[in-house]
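Enquirer: Residue numbers (this note's numbering), protein chains in the order written: chain A, 1 to 200; chain B, 1 to 200; chain C, 1 to 200; chain D, 1 to 200; chain E, 1 to 200; chain F, 1 to 200; chain G, 1 to 200; chain H, 1 to 200.
You may find that some hints are simply not true.
[Unchecked claim] Distance condition first, Cα-Cα at most 25 Å in a straight line; then the derived DSS-like pairs of lysine-lysine: (1) B:K97 x E:K146; (2) A:K97 x C:K29; (3) D:K97 x G:K146; (4) B:K146 x E:K97; (5) D:K146 x G:K29; (6) F:K97 x B:K97; (7) H:K97 x E:K29; (8) H:K146 x F:K97; (9) B:K29 x C:K97; (10) C:K146 x A:K146; (11) D:K97 x H:K97; (12) D:K29 x A:K97; (13) C:K29 x G:K97; (14) H:K97 x F:K146; (15) E:K146 x A:K29; (16) C:K97 x A:K146; (17) E:K146 x E:K97; (18) B:K146 x E:K29; (19) D:K146 x G:K97; (20) F:K97 x G:K97.
[Said to hold, decoys possible] Stretches of chain A that chain D covers, calculated by requiring three or more beta carbons in the stretch to come under 8 Å of a beta carbon on chain D: (21) 49-60; (22) 113-127.
[What the hints assert, rightly or not] Listing some non-contacts, in silico: residues in chain E with all C-beta distances to chain A over 12 Å: (23) E69; (24) V145; (25) D185.
Keep in mind that the hints were calculated from the coordinates and are not lab data. On a predicted model such as this, the values are computed, not experimentally measured, just so you know. Ideal Cβ placement from N, Cα and C applies to all residues, glycine included.
Each chain is listed here by its residues.
Protein chains: 8
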Amino acid sequence: MFEQLPFATIDHLRPITQGHQEVIFCPDKTIGQVLAIAERLEAAGGSFLATRSDAGQQGALGARFPRAEINGLGRTVYLPPDPEPAPTAAVTARAFKNRVERLTDVGVAGIHRILTQTDVLRSATVIIVVAGMDGALPSVVGGLVKVPVIAVPTSVGYGASFGGLAALLAMLNSCASGVTVVNIDNGFGAAAAASRINHS
Amino acid sequence: MFEQLPFATIDHLRPITQGHQEVIFCPDKTIGQVLAIAERLEAAGGSFLATRSDAGQQGALGARFPRAEINGLGRTVYLPPDPEPAPTAAVTARAFKNRVERLTDVGVAGIHRILTQTDVLRSATVIIVVAGMDGALPSVVGGLVKVPVIAVPTSVGYGASFGGLAALLAMLNSCASGVTVVNIDNGFGAAAAASRINHS
Amino acid sequence: MFEQLPFATIDHLRPITQGHQEVIFCPDKTIGQVLAIAERLEAAGGSFLATRSDAGQQGALGARFPRAEINGLGRTVYLPPDPEPAPTAAVTARAFKNRVERLTDVGVAGIHRILTQTDVLRSATVIIVVAGMDGALPSVVGGLVKVPVIAVPTSVGYGASFGGLAALLAMLNSCASGVTVVNIDNGFGAAAAASRINHS
Amino acid sequence: MFEQLPFATIDHLRPITQGHQEVIFCPDKTIGQVLAIAERLEAAGGSFLATRSDAGQQGALGARFPRAEINGLGRTVYLPPDPEPAPTAAVTARAFKNRVERLTDVGVAGIHRILTQTDVLRSATVIIVVAGMDGALPSVVGGLVKVPVIAVPTSVGYGASFGGLAALLAMLNSCASGVTVVNIDNGFGAAAAASRINHS
Amino acid sequence: MFEQLPFATIDHLRPITQGHQEVIFCPDKTIGQVLAIAERLEAAGGSFLATRSDAGQQGALGARFPRAEINGLGRTVYLPPDPEPAPTAAVTARAFKNRVERLTDVGVAGIHRILTQTDVLRSATVIIVVAGMDGALPSVVGGLVKVPVIAVPTSVGYGASFGGLAALLAMLNSCASGVTVVNIDNGFGAAAAASRINHS
Amino acid sequence: MFEQLPFATIDHLRPITQGHQEVIFCPDKTIGQVLAIAERLEAAGGSFLATRSDAGQQGALGARFPRAEINGLGRTVYLPPDPEPAPTAAVTARAFKNRVERLTDVGVAGIHRILTQTDVLRSATVIIVVAGMDGALPSVVGGLVKVPVIAVPTSVGYGASFGGLAALLAMLNSCASGVTVVNIDNGFGAAAAASRINHS
Amino acid sequence: MFEQLPFATIDHLRPITQGHQEVIFCPDKTIGQVLAIAERLEAAGGSFLATRSDAGQQGALGARFPRAEINGLGRTVYLPPDPEPAPTAAVTARAFKNRVERLTDVGVAGIHRILTQTDVLRSATVIIVVAGMDGALPSVVGGLVKVPVIAVPTSVGYGASFGGLAALLAMLNSCASGVTVVNIDNGFGAAAAASRINHS
Amino acid sequence: MFEQLPFATIDHLRPITQGHQEVIFCPDKTIGQVLAIAERLEAAGGSFLATRSDAGQQGALGARFPRAEINGLGRTVYLPPDPEPAPTAAVTARAFKNRVERLTDVGVAGIHRILTQTDVLRSATVIIVVAGMDGALPSVVGGLVKVPVIAVPTSVGYGASFGGLAALLAMLNSCASGVTVVNIDNGFGAAAAASRINHS
């Protein structure tokens, strides 16, 4: 019965709603400035969107970030988020014969985005929450649903994130009871645990 | 002009909304079981509420927790939260001639409680957020408001909270940009910083 | 359907099978020697059994360890294991309306004791494994069963156990896929997670 | 007398028995998915076996993992385990004039594999156990034999393994008494210690 | 009103006043010695000035440090300081519509340089202090002014700086009350916090 | 010749100049508030001065802090600083036949207090700097003098001071070259090292 | 055959040869000074010898250190070293039917004391070295003998010894090959390992 | 007067006396084995000596270790020790006008090598001891001389050396009183401190 029920994978927590954090307004900046900000954003969140860029800025960003998608007409350069470990969790879960639904771009700094997904979250049999930085997302999700929540800390971040340690500790201390945790970046293990739940 | 504007102090994050975490239902438990659960709750959150307790349970809890308030008629034993460092911040801020408003019992595991306070939060000139455990509250508050947010990690917790280190790291990695942090339990410093902002 | 299935709680891992670790042979020892060894055993495993003790040794052990059970006729002094957090998990799980079966005195250093319990383990819907020291038990159990396994590191130990950190790290790095972990000593949280699984 | 007795070296602990952890079933996966899973397996255990791979998948894996052995007919790609420090221990021990027997592919998540080797283990004069991840293997081996057991933590792993720290701490807290430990990846030192034992 | 008030960004703390730390006197040194000292200075402070260098020394330094500026006539080789995160803070703050003034080359080992800037510091509405190594600068600045001080630890350094951890801890323990801290290298976050203060 | 030259011991760094940190203005506070602030100050700096206290406040502080000096007429309660390890260093140095001069109550948050002592500092043959919290004082002193500077981190502090670790790391990363460090609280060792210098 | 060969236990490393470290010359000191130095010595090495003490000093030391032995005639107060874990190792080893010889009061700061024991060390079949502080003793002993050396770090110390962590790390990094290590304070485990060696 | 007195720099501690640790006997080994052992030795001590090597082994070692010196006739390949930070200390000290004498290849595992240098050590006015791994050398030297000893931990090592942390902690806990410490790899700072002593 479990197999036909979805379980949701929430991707890297990224604070979209505050607006300025992932967007680079290029017109008033040198190439060096654009690159410096892009590198910072990439280090912090694995992603950025540069708008109103000129050709030089596009070229420099393209050379520095090979995964970046350049839209000459729209004058944008977009670096999609680093795919691991959330996709790993999704791929693994599907390989173990579970139905998977993914939510992305939710983050506790834009709390209303999570709340609009409450119905989807509550329809799952088990939820894997992948989050880096402050590791706060599992606590919020754990308070919204009654099903098992498995938290995956990611090594995304810099400085005092200490390679995912900050998120790991936050998740182990989650104020939502009943949240369990796997190793840093261990999307595989989270999916294996979710599959154990779905098939037990 | 700042002085007459309030700034809010959000107390120890405590997950009330899930119901079972802070409440001890006494009827089906021995004195030893009640004490064991009470000690665990006190260690985790500094507070508990025991309901439908009998006289023996009340006596044991009263002996073990001198701060506990026993209501014989209502058959409850209530341990109010550990007052530090949130009250320290409030007392200090008032001593430095700032107007203070305190919010308590908000927690990210019961996210709707925070959202109902959005208007109060947005009326402040600066917000001090005191939180232990996963240190997630400042990220949520920082996403709701545009004013300065000062995060105070507390040493409340056990195990992998490492005396407040987990909350400290989470706050330093807050996904809400513009959140700043002070030392663990340093409500005094947070109030001094808030006062600098209000009087600068 | 889950509710009427048991879930097993495996207690503090204690290496019974090697014989010499928890037993103090008293005849050839001074009171000071007996006390010194008892304190070491208590620190390491929370328990000991002193055999062929004389009255002076019994008195000294009784004074030092108030929980110890003295059997004057059998000439033994027995310190039963520290009950937390395994009983907490069991009490909590029952309070949340789950059926609970507990296994105790299993340890990876006496691997045959675990293997004789394989049938019981496989009949559970979810297993909570409470272990201190090397935190190895969840890996072995996780390899024996297909159901969800929730690991609870305990702060029992000394020296480089660092208050349960060694067991926590071992569990996060479990070589059995699909094991999830809660905070050190958080039997309450493990039971809450198990209950989420049983009632989802 | 010791020289003509063997001492066994147990290799990197790898959970073969659970089936899905080291094997990649290629048919239902894109090249990108196969690579992603292979990289994860390699990071976690230093090894993988891809089955039913097509030519494109074989080429991609071969380019990414130069040590991989491609079997076009059998449609497999096999990455043998990272040879250090277990071979280092074996080579060193032989150079110091000890007889060496190596056991590989035993792991506590597949406990029956170890048990079938009990006779070999008990015939050794000293045993070196090389293990990464949760560092649980020395505790199990230490409980099966009475001879000296020297544990070598390896830096294999990711996330909260912290470069072998998790395994090191687990081994120092082994619940099998009489297990001693050397530095992370120090197969050389373990062999030197074993040789001291054999020649003393 | 805040917008037209400056806020100062104090750059990487560098001990100029002691003279010998950042200057390499080349005449009595081999190329290898010059390179060795230059690498050490670069690692410690991100910058150096080599004087009276000959052509071979200039070539070697130029090859090793592409950012270095070679002055053949003056016989100097100058490596300007690593620009991050102080410029990031300045660029971000300007993008958020704040007026910015930067002070560089102040350090607590040359305390008089800071004191001569006291008037500038006191004219700011908020001060961002970027410092690595011992993280001592925010304490001194915090004692000189009454406005908010935001400290940014940098990952510049080596050995026991542990990637900025030493500076981070020092800043969290600042003896000047009212100093708040952001993550290591988070110039972006410091500017966002400063902007919150200026626009609240 | 060295023996007749003094060496200065600078005591626990305490930020006097900001006024509000060590002084408790009692009139507008309850006994509980006074005690709470006093305990915080004592934890942070080992000292406080309560002014305009009434008899009840004096009694409560006297009962809580037996070392406190109560001046009923002046209505003050003064807790002098914790004497270790600075006095230990002074006593030891004198026992080893060195001349000692002590400076106290200097701190980098009140930088002018240090500067007024520049002549005394420069007359010493070796200087021991005892400092807790941010450990910033040795860097400032090291920049003012040319003689050897030995830094002693103290375990005074709370939260992220981690028992003196913050000060220790700051001192090891001092931006003043030629500062050496001893163990946390090791005033004895600092004096022994200073004596080696004076007598070599 | 092994049983009749001794194995030596080297006690807590204590720097006797430098003279001033463990001896308190009382005549020129107040009671407070004597107590302060005694407490420091006890914290560092678990032992001290006060000479030429008067009655008041003797009384104060006796009250503060109940284990101290007062010799009124000889005017000395002697605190013998903390007995654990070296005696634990010796007692355990004897209980396991090994012959034991103990050496005490050897330390690397007085290297000649070790060298005079070289013959005794070389006559052992296995050596347990118990050392705290810098954990240097096993490296020296390991270089003097060819037999197995088991190192036991002790939690004696203060500050940056971090409860024995400094000694543990030093021993794991011993420059003498073939030294193995057990947990902090685990004299029991060291004896069990030594007994495995002697009886294998 | 100090300038004309030498101060000795003791190089990276390397255990020569045990024979097998730095020497690779090539005849019975494949190229892969020789490379594996050479890499381990290089990682541990920065140096090795391969004897009786054939041309293939020489070529492989030369390609892998460009600094290695190949002696075809003598059939040896020698990798001289990594020169930093000991030479940095020597170069810096000379640049600051101090007379320098260097001792190399001393190590506590070959204690007699140090003892034969006692006279040289005692003729210095200040001694800089550079040591990695267990950081034991400063304690031994500190016990042999009365002059100031400055310890420099190096980041040489692997595993639980944690980039020099093990040596740093050992040195801070030195059992020889009066040893002071500088940052990991900070040969520059040690020389600056030594120069302060010589010129004060």
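Enquirer: Give a verdict on every hint.
Expert: Quick rundown of the hints versus the structure:
This hinted pair checks out: K97 (chain B) and K146 (chain E) have alpha carbons roughly 15 Å apart, not beyond 25 Å. Under the criterion of a C-alpha separation no larger than 25 Å, the hint pairing K97 (chain A) with K29 (chain C) is inconsistent with the structure, at around 62 Å. Our distance criterion of 25 Å between C-alpha atoms is met by K97 (chain D) and K146 (chain G), whose separation comes to about 15 Å. For the given pair, K146 (chain B) sits about 15 Å from K97 (chain E) by alpha-carbon distance, which is consistent with the 25 Å threshold.
Restraint check: the Cα-Cα separation between K146 (chain D) and K29 (chain G) comes to about 56 Å, which exceeds 25 Å; the hinted pair is violated. Distance restraint check for K97 (chain F) and K97 (chain B): the Cα-Cα separation of roughly 53 Å exceeds the 25 Å cut-off, and the hinted pair is therefore not satisfied. A hinted pair counts as satisfied when its Cα atoms are at most 25 Å apart, and K97 (chain H) with K29 (chain E) qualifies at roughly 14 Å. The suggested pairing of K146 (chain H) with K97 (chain F) holds, with an alpha-carbon distance near 15 Å, which does not exceed 25 Å.
Of the supplied pair hints, the one linking K29 (chain B) and K97 (chain C) holds, its CA atoms being roughly 14 Å apart against a limit of 25 Å. Among the hinted pairs, K146 (chain C) with K146 (chain A) is consistent with the structure: their alpha-carbon atoms are about 23 Å apart, no more than 25 Å. Only pairs whose Cα atoms come within 25 Å are accepted, and K97 (chain D) paired with K97 (chain H) is rejected, the gap being roughly 53 Å. Between K29 (chain D) and K97 (chain A) the CA atoms are separated by roughly 14 Å; this keeps the pair inside 25 Å, and the hint holds.
Distance check on the hinted pair: K29 (chain C) and K97 (chain G) sit about 14 Å apart at the alpha-carbon level, within 25 Å; holds. For the suggested pair K97 (chain H) and K146 (chain F), the alpha carbons sit about 15 Å apart, so the restraint of at most 25 Å is met. For the hint linking K146 (chain E) to K29 (chain A), the alpha-carbon distance of about 33 Å lies beyond 25 Å, and the restraint is violated. Restraint check for K97 (chain C) and K146 (chain A): satisfied, since their Cα atoms lie roughly 15 Å apart, inside the 25 Å limit.
For the given pair, K146 (chain E) sits about 23 Å from K97 (chain E) by alpha-carbon distance, which is consistent with the 25 Å threshold. Note on K146 (chain B) and K29 (chain E): the hinted pairing is violated, with a Cα-Cα distance of about 56 Å set against a maximum of 25 Å. At roughly 15 Å between alpha-carbon atoms, K146 (chain D) and K97 (chain G) fall within 25 Å of each other, so this suggested pair holds. Taken as a hint, the K97 (chain F) and K97 (chain G) pair is broken in the structure, with Cα atoms around 53 Å apart against an allowance of 25 Å.
Counting residues of the region 49-60 of chain A whose beta carbon lies closer than 8 Å to any beta carbon of chain D gives 0, which falls short of the minimum of three for the stated coverage. Counting residues of the region 113-127 of chain A whose C-beta lies closer than 8 Å to any C-beta of chain D gives 0; at least three are required, and the coverage claim is violated. Taking the minimum C-beta to C-beta distance to chain A, about 16 Å, the non-interface status of E69 (chain E) holds against the 12 Å cut. Consistency note on V145 (chain E): stated as away from chain A, and its beta-carbon is indeed over 12 Å from all of that chain's, at 26 Å minimum.
Not every Cβ of chain A is farther than 12 Å from the Cβ of D185 (chain E); the closest lies at roughly 5 Å, contradicting the non-interface assignment.
Figure legend: structure checked against the earlier numbered hints; hints not met, in rising order: 2, 5, 6, 11, 15, 18, 20, 21, 22 and 25.
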